[in-house]
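Q: Here are the chains, one letter per residue:
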Amino acid sequence: MDETVIPKVEMRGISKSFPGVLANDCIDLMLHKSEVLALLGENGAGKSTLMNILCGLYRPDKGEIYINGSYADIHSPRDAQKYGIGMVHQNFKLVDSMSVLENIILGLQNEPFMPDFKRVRQRLVDLAAQYHLKVDPNANIWQLSVGEQQRVEILKLLYRNAEILILDEPTAVLTPQESHELSRIVHAMKQEGKSAVFITHKMEEVMEFSDRVMVLRKGKVVAEAHTADTTPKELARMMVGREVLFQIEKKPFSPGDVVLELSNIDALGDRGLLALNNVSLQLRAGEILGIAGVAGNGQRELAEVVTGLRRSTKGVLRIGNKDMTNKSPLEIIRQGVAHIPQDRSSVGAVGDLSVASNLAMKQYRSRPLAAGIFLLPKRIVDFARSLIEKFRIATPSPQTQVKFLSGGNIQKTILAREIGAARTVMVAVYPSRGLDVGATEIVRRQLIDQRDRGLGVLFFSEDLDELLQVSDRIAVLFEGKIMGIFDADKADIEQIGMLMAGMSKEASA
Amino acid sequence: MKFVFEKRKSTSVPALILVPLISFAVSLVLTALLLAVFGADPFKTYAAMAVGAFGTSHGFAETLVKAIPLMMTGLGVAIAFRLKFWNIGAEGQLTLGGVAAAGVALFMEHYFPGRSLLFAALFGGLIAGALWAGIPAILKTALKVDETLVTLMMNYIAILYSEFLYYGPWRDPKGYGFPGSRMFSANAWLPRIMGRAHVGIWVGIALAVILWLVLRRTRWGFELQIIGASQKAARYQGIAVERNIILAVMLSGALCGLAGAFEITGISHRLQQGLSIGYGYTAIIVAWMSQLNPLAVPFVAIALAGLSVGGDQVQMVMGLPAAMGVVMQGLILFPMLAGSLFTEYRLLIVKPEPRAACPEPSQE
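Chains as they are written, first to last, in my numbering: chain A, 224 to 732; chain B, 2 to 365.
There could be a bad hint or two in this list.
Claimed, not checked - Derived lysine-lysine pairs resembling DSS-like cross-links, with alpha carbons at most 25 Å apart:
id	chain 1	residue 1	chain 2	residue 2
1	A	K585	A	K441
2	A	K585	A	K550
3	A	K316	A	K285
4	A	K601	A	K613
5	A	K316	B	K175
6	A	K550	B	K45
7	A	K585	B	K85
8	A	K550	B	K175
9	B	K85	A	K626
10	A	K456	A	K443
11	A	K626	B	K233
12	A	K601	A	K585
13	A	K537	A	K550
14	A	K585	B	K233
Bear in mind the hints are in silico, worked out from the structure with no lab data behind them.
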């Protein structure tokens, strides 16, 4: 290694523990000028913790940070900003009702009381041109797509003269095209001498974006390499600590009767605008229908209409042979429809309640968990124990509150409960989002098992590779409309990407 | 060395018992300091308080008299609070329950012969409280109207309405102008067990146990628990969130209404001034100090009632200023509330570990 160059960032011996976990264990990290470092690891490996330390959100228990070779005492994001460090978090920190311009200067120390918007706008336009960041400075944040919002976040950092950019799983919310765009932006930043840390758990992104890669597992650095010297397969093995199956075994597709049918469904979103526009689709028993689309194009609304949580304003919903249009959630649950919701921590599971309570939430209404109006706590605990064992939910006890479990184990809890309740249809919304490779494998395996058991599975995902692997057919959703439905084995990823971005076949041809 | 608060992963039973005891000891020390400033002997004062509240049969009966409405309203408030429905209308529900009970006892003797009049009066109070609480519950669930404001303002309506009745149409013509209705038939009097203390105490304790069972052991209780933790999650599980909130809040109001009916049929035997003296507000403290656990409510209610009766004694026996009793109540409550931090968190002492605990990386 070249010792003569002073690294831009050097983190030495960083350790940080949270109640019960050692999130970072003596981590050394180096980042050079004009370098993109990929930080690869499963969920809970400590990637975000490490970067939150660098950007001043957490204080390390031990360890030191050096910027340009001199000791940096970083107590807050403001301190980090002084050192030129900025982070784009997974959940954007933007004010929805304000314009791009206003968001950019929000919180800036050296702006006058009455900001000179003309000057700010000019600088913004210059920066945007320099880094290929197309954004309308006058648009309000809520009007922007997720990809555009991310660009605003990046612009915000560039405006603050950040030299070191931390991007926390930036592609999770982007279409393939937007990801490529981001890759160009990152490249432009490198050209300008800026450095970036790129948090991810996707191998392809490591390959596409980074110069060097550091793999974390359980809070420790397990490998470091120049990206060019390694392969996705090798990285995956290092990340998980064992060989990973990228391909899933699947029985041949043999669809049965139609279990779910939507005909010309319209529904309104939370803002009262049309979120589903004349959606028609059929799901058969023994079939996984994947719904592709960029987040916010009607996926949540579609799942909610099917599960009775949202009223449709037009059209017919049939489950089995029954008309279930605008029936209550309970009536739909009684038809054997299970639902893995998008928001697992506040909808899918109740953090303040125990694992046992969470597991019982679908079946507490009847025997064997209840007798008449009374619950049978012993049976509930036994029931929970059996599911905890069957689904390998890592929890200290059935009485532990769910909020103390990791994301993967919360999802397994939901999965265990919903699979138990599913008899006809399983609606799974982003079931593997944010999960590590191990948990993702389990989730996908379970969905396929449900299909083989004869259920119809409506599977929402943002990950096209995952969709292609798991689904039998794929429908693309854009602005609440079904843009097309394809057989998964014949689908063309580029074409699906185009449709996800709202470009029709004719235009893309 | 560093002190760190860490959230407990499970509630520790010793902490649950020890923390209030230690908090109470801290309160006594604080109060002793204050008493010393006023030149009063703390030990004598505490003795006077304890004897005043629990040491004599009259004192104990008076403590129970105050404990009954605190218990009933405390239970009512606790149920609503478990659903994160901030019912601060216990006072109004209690008042209206009292008004309804008095109305039945005064004017419906024909329909309810003999002792049935008492049950009719109590039932009337219960229903009035439930309906009164139902209004903000429906406004909240149907129109998302903030329940804190509505329940609070409805208190004034209920209280002023009761005043209107006993100053106006219901005033006893033979009452020498005294604001109050005539005394109603003894058929509607609640049996007493000791001094002015009545059987309401048994009802309160029984209801505490029943409520605990309902909340912890029934399907409905489980549904309320889920709604309280996350309404979105409850809706997703097929639970009728709105209907259950309305039902539970009406139950809350029913308990408060019954408290009012107890006051009327057990203590005053007429509708008169003094029905609303703040039990419904103290109920909020009772509910929080009980950590919304119905089983704890009777104990907390009796303790707070004792504090209030004992505080009155301090004024009389020790010759301290009248406000002293209230100040002492406050001083005792503060450490108790602060102490609840320790039941949810634990204090860890972190010793600084020696630096360079990291293994030396092998030189490449």
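Q: None of the hints should be skipped; say for each whether it holds.
A: Hints, verified against the model:
{"no.": "1", "hint": "K585/A x K441/A", "verdict": "34 Å, violated"}
{"no.": "2", "hint": "K585/A x K550/A", "verdict": "18 Å, holds"}
{"no.": "3", "hint": "K316/A x K285/A", "verdict": "28 Å, violated"}
{"no.": "4", "hint": "K601/A x K613/A", "verdict": "18 Å, holds"}
{"no.": "5", "hint": "K316/A x K175/B", "verdict": "71 Å, violated"}
{"no.": "6", "hint": "K550/A x K45/B", "verdict": "69 Å, violated"}
{"no.": "7", "hint": "K585/A x K85/B", "verdict": "23 Å, holds"}
{"no.": "8", "hint": "K550/A x K175/B", "verdict": "62 Å, violated"}
{"no.": "9", "hint": "K85/B x K626/A", "verdict": "19 Å, holds"}
{"no.": "10", "hint": "K456/A x K443/A", "verdict": "20 Å, holds"}
{"no.": "11", "hint": "K626/A x K233/B", "verdict": "16 Å, holds"}
{"no.": "12", "hint": "K601/A x K585/A", "verdict": "17 Å, holds"}
{"no.": "13", "hint": "K537/A x K550/A", "verdict": "14 Å, holds"}
{"no.": "14", "hint": "K585/A x K233/B", "verdict": "15 Å, holds"}
Hints 1, 3, 5, 6, 8 from the list above are not met by this structure, while the remaining hints are.
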